[in-house]
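Q: Below are the chains, spelled out letter by letter.
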Amino acid sequence: MKPRTIIEKIWDNHVVAERDGSPALIYIDLHLVHEVTSPQAFDGLRRRGLRVRRPDLTIATTDHSTPTTPRGLPILDKVAEAQVKQLESNCREFGVRCYGLESQQQGIVHVMGPEQGLTQPGMTVVCGDSHTATHGAFGALAFGIGTSQVEQVLATQCLLQRSSKTFAVHVDGSLKPGVTAKDIILALIARIGIGGGTGSVFEYRGSAIRALSMEERMTVCNMSIEAGARAGLVAPDDTTYQYVASRAFAPKGPDWDAAVARWRNLPTDEGASYDREVTIDAAELEPMITFGTNPGMGIPISASVPDPGDVADPLERETLAKALRYMDLPAGKPLVGHQVNVVFIGSCTNSRISDLRAAAGLLKGRKVSPQVRLMVVPGSRLVKEQAQAEGLDRIFRDAGADFREAGCSMCIAMNGDQLQPGEYCVSTSNRNFEGRQGAGGRTFLASPLTAAATAITGVITDARTLL
Amino acid sequence: MKFENFSSKTIVLPIDNIDTDQIIPARFLKTISKEGLGDQLFYDWRYDAAGQPRPDFVLNRPEAKDARILVAGDNFGCGSSREHAPWALVQFGFRAVVSTSFADIFKQNSLKNGLLPIVVPADVHAKLLVSPGTVVRVDLVYQVITLEYVGIVRFPIDEFSKHCLLEGVDELGYILQQEPAIAAYEAARVGSVNTLG
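Chains as they are written, first to last, in the numbering used here: chain A, 1 to 467; chain B, 1 to 197.
Next comes chain A alone, as it looks inside the complex (with noise of 0.2 angstroms):
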């Protein structure tokens, strides 16, 4: 037999069907839902009178437009309200499990699914939302969809798809301190550009992959869609099934020993060949920050933000020019000690336990800058709770952050967490775009390295400064 990708793998194993000159139907394993892309959805079923085919591969949470003030507190945007109660609705009528906003295990969907042991190595994962990546790290081939194929999949679990272009990303090497995960995917997509990976599913691979825990390997997955791919994965090993092993919605016992049997053989294959590939040395990776109005707008923390004058094409030119207009910012000169109003440590990119203990360790001892409020948003009720037990809250407060509770937050600003016109912010989230955190705002997205550092400092820092 040809030698094969994982990528090739899992979509082997889930064809239900393949007609001449028609996209394959495929088979989606655990379809995760949200508040903001499934009313749409579920209005269809009840229109056509159907059901949801598999409740038991379904399960739904709040979190986009979810408020992260104390629960119980009203929420007092009634639209949002009206939302988040349409989903539990929703639920209730279709016998979809729900973790509510009252819920222990709510949470943002992409920190909940592997955090309950709901994502697993070799499944198809989708989900009404773009960073569905995220659930890539465990060698799940995941993907995000529009509100159509929401219904599609609620009614009969399953998709229309074609392949897609399989993409090696080479990662070698080992980081240097204070260089995190963030700043590998956030020079990647640099260095291809955020339309880059277009039609492709990118693996992960490399020494420098491998030495990543989960929750480094899930941000790195998390932002393949900022470079424009349609999924990244990470083929799973002793550390992907030490992180599974014992969650909630794991295997266990006999079944455990079975699936990782099953499991050992989804790795990519020796001589099997990639559409593309690209190599990044891990060693030579400093951290990344963003200046403009795109994820593929990054730079070294030490580099200066490029001129528009040096640019050939005219309409790229145009593009960087009404970016760094947007920004405020001059051309030519790094964007070290530039000030800001506002730094945001969480999102499905960087807002697990491990985020946390990263942001706390600078900020013990110190304090945020009078200048600056520092947000620090939790991915799920549970990392709120392990944060808790570890003392990392009063951390965080005894600096002057404040630490909310679970959601999305700043990172789209649906919740009423938005910047003011004007506002800057270091972001640890996964969009700088025009308005994305708050209308008229402006994003530089980082490590929570360099935005605890930022907080501290009032302006844009080289975290390896304070460590």
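Treat the hints as calculated values from the structure; they're not laboratory data.
Hints are not guaranteed to be accurate.
[Unchecked claim] Here are the simulated DSS-like pairs of lysine-lysine, each with C-alpha atoms no more than 25 angstroms apart in a straight line:
#1 A:Lys364 with A:Lys176
#2 B:Lys2 with B:Lys30
#3 B:Lys30 with B:Lys127
#4 A:Lys165 with A:Lys2
#5 A:Lys165 with B:Lys162
#6 B:Lys34 with B:Lys65
#7 A:Lys85 with B:Lys127
#8 B:Lys162 with B:Lys34
#9 A:Lys322 with B:Lys127
#10 B:Lys2 with B:Lys162
#11 B:Lys127 with B:Lys9
#12 B:Lys127 with B:Lys65
#13 B:Lys30 with A:Lys78
#14 A:Lys78 with B:Lys34
#15 A:Lys85 with B:Lys30
[As the list claims (entries may be wrong)] To give an idea of the interface, some chain B residues facing chain A are shown, with a C-beta separation under 7 angstroms as derived from the structure:
#16 Leu29
#17 Asp39
#18 Phe155
#19 Ile175
All C-beta atoms in this analysis are idealised placements derived from N, C-alpha and C, irrespective of residue type, glycine included.
Starting from the structure of chain A, add chain B where the hints point.
A: Below, chain B without anything else, positioned relative to chain A:
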């Protein structure tokens, strides 16, 4: 609804990587309906902080009123999976977007909503970018656009999507017809999780 050939003047947004947060900002996604999104299309580019239309923005000019073709820079529709983006474009009146490339999820979502993503070669694209208001005829059957003063340009589309657009095929209905294959797959499938367990 079946896709029919049409002609229209173009509206041009000469910017690369227009993301779905620009097409429709996230704060408008709190709705539980598909309707009423056309007014929010490109909201933060179209309106000032006081909610007044910016007269210099192309969608606020008189010629945008009847335009059904948007010409935009490379990698249009990057970012989130929100289907609200094609919903808003269609509700504003667009039936096609012309670019040199589209983000994957946006392209899929558009095809499911009768919005045709048309990829053209860079030289044709460059001409369209500098001549807003060009009359373009879109012929999906022959997969060509006809440009005033330029000529006929063929564009790619996969046969299945073309068939679904032309015949108004409902994809969910098409999948439901494959029930025997789905049931057979499930019978042979090794269980994964049980979210209800």
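Q: Now tell me, hint by hint, if it's right for this structure.
A: Right, here's what the structure says about each hint:
With a C-alpha separation of about 22 angstroms, the suggested pairing of A:Lys364 with A:Lys176 holds against the 25 angstroms cut-off. Only pairs whose Cα atoms come within 25 angstroms are accepted, and B:Lys2 paired with B:Lys30 is rejected, the gap being roughly 30 angstroms. For the proposed pair B:Lys30 and B:Lys127, the alpha carbon gap of about 39 angstroms is over 25 angstroms, so the pair is violated. The straight-line distance between the Cα atoms of A:Lys165 and A:Lys2 is roughly 17 angstroms, inside the 25 angstroms bound, and the hint therefore holds.
For the hint linking A:Lys165 to B:Lys162, the alpha-carbon distance of about 22 angstroms falls within 25 angstroms, and the restraint holds. Simply put, B:Lys34 and B:Lys65 have alpha-carbon atoms about 21 angstroms apart, close enough for the 25 angstroms limit, and the pair holds. Annotation: proposed proximity of A:Lys85 to B:Lys127 is violated, straight-line Cα distance about 49 angstroms (limit 25 angstroms). Annotation: proposed proximity of B:Lys162 to B:Lys34 holds, straight-line Cα distance about 24 angstroms (limit 25 angstroms).
Between A:Lys322 and B:Lys127 the alpha-carbon distance is near 21 angstroms, which keeps this suggested pair within the 25 angstroms criterion. Distance check on the hinted pair: B:Lys2 and B:Lys162 sit about 11 angstroms apart at the alpha-carbon level, within 25 angstroms; holds. The suggested pairing of B:Lys127 with B:Lys9 holds, with an alpha-carbon distance near 14 angstroms, which does not exceed 25 angstroms. Between B:Lys127 and B:Lys65 the CA atoms are separated by roughly 22 angstroms; this keeps the pair inside 25 angstroms, and the hint holds.
For the hint linking B:Lys30 to A:Lys78, the alpha-carbon distance of about 10 angstroms falls within 25 angstroms, and the restraint holds. Under the criterion of a C-alpha separation no larger than 25 angstroms, the hint pairing A:Lys78 with B:Lys34 is consistent with the structure, at around 18 angstroms. At roughly 12 angstroms between alpha-carbon atoms, A:Lys85 and B:Lys30 fall within 25 angstroms of each other, so this suggested pair holds. For B:Leu29, the interface hint holds, the least distance from its beta-carbon to any beta-carbon of chain A being 5 angstroms, beneath 7 angstroms.
Taken as an interface hint, B:Asp39 does not check out: its beta carbon lies about 15 angstroms from the nearest beta carbon of chain A, beyond 7 angstroms. Restraint check, B:Phe155 versus chain A: the minimum CB separation of about 17 angstroms is more than 7 angstroms; hint violated. Against a cut-off of 7 angstroms between C-beta atoms, the interface hint on B:Ile175 holds, since the closest Cβ of chain A lies about 5 angstroms away.
Consistency note: the structure conflicts with the earlier hints numbered 2, 3, 7, 17, 18.
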